[in-house]
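Q: Here my numbering = 1-based position in the sequence shown + 149.
Hints were generated in silico from the structure; no laboratory data involved.
Some hints could be false.
[Unchecked claim] Ranges between beta-carbon positions, derived for each pair:
hint: 1; residue 1: 156; residue 2: 184; range: 30 to 38 Å
hint: 2; residue 1: 153; residue 2: 183; range: 27 to 35 Å
hint: 3; residue 1: 155; residue 2: 201; range: 26 to 34 Å
hint: 4; residue 1: 218; residue 2: 168; range: 28 to 36 Å
hint: 5; residue 1: 209; residue 2: 167; range: 17 to 25 Å
Every residue gets a Cβ at the ideal spot worked out from N, C-alpha and C, and that includes glycine.
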Amino acid sequence: MRPASARYTIRINGHLGAMVLSAFPGLAARLHGAETVLTGFLDQSALYGVLAEIEALGLELLEVRQLEPQRGSPDSPR
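Go ahead and model the full structure; you've got the sequences and the hints to work with.
A: Shown next, in the form of structure tokens:
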């Protein structure tokens, strides 16, 4: 059975430009200080793909965090 997708936030050192961000089409990007924060829903396979892309691009990964579903959202446990 495939694991369900979960919402993740991924922090990368530096400000990523539009060209680099195009490598992460399913993720929303925002700047936070000197970092870029990517957020979106990923299953395990997609998460590993994003991490591999970060490595291939030579980016400095600072943090990967699975976010808790918000209460009342379709993803929250009943």
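Q: Are the hints correct? Go through all of them and say.
A: Consistency of the hints with the structure:
1. The supplied range of 30 to 38 Å is broken by residue 156 and residue 184, whose beta-carbon atoms lie about 18 Å from each other.
2. Between residue 153 and residue 183 the beta carbon distance is about 33 Å. The supplied range of 27 to 35 Å therefore holds.
3. About 18 Å separates the C-beta atoms of residue 155 and residue 201, a value inconsistent with the hinted range of 26 to 34 Å.
4. At about 32 Å, the CB distance of residue 218 to residue 168 agrees with the hint of 28 to 36 Å.
5. In this structure the supplied range 17 to 25 Å holds for residue 209 paired with residue 167, their Cβ-Cβ distance being about 19 Å.
The structure shown violates the earlier hints numbered 1 and 3.
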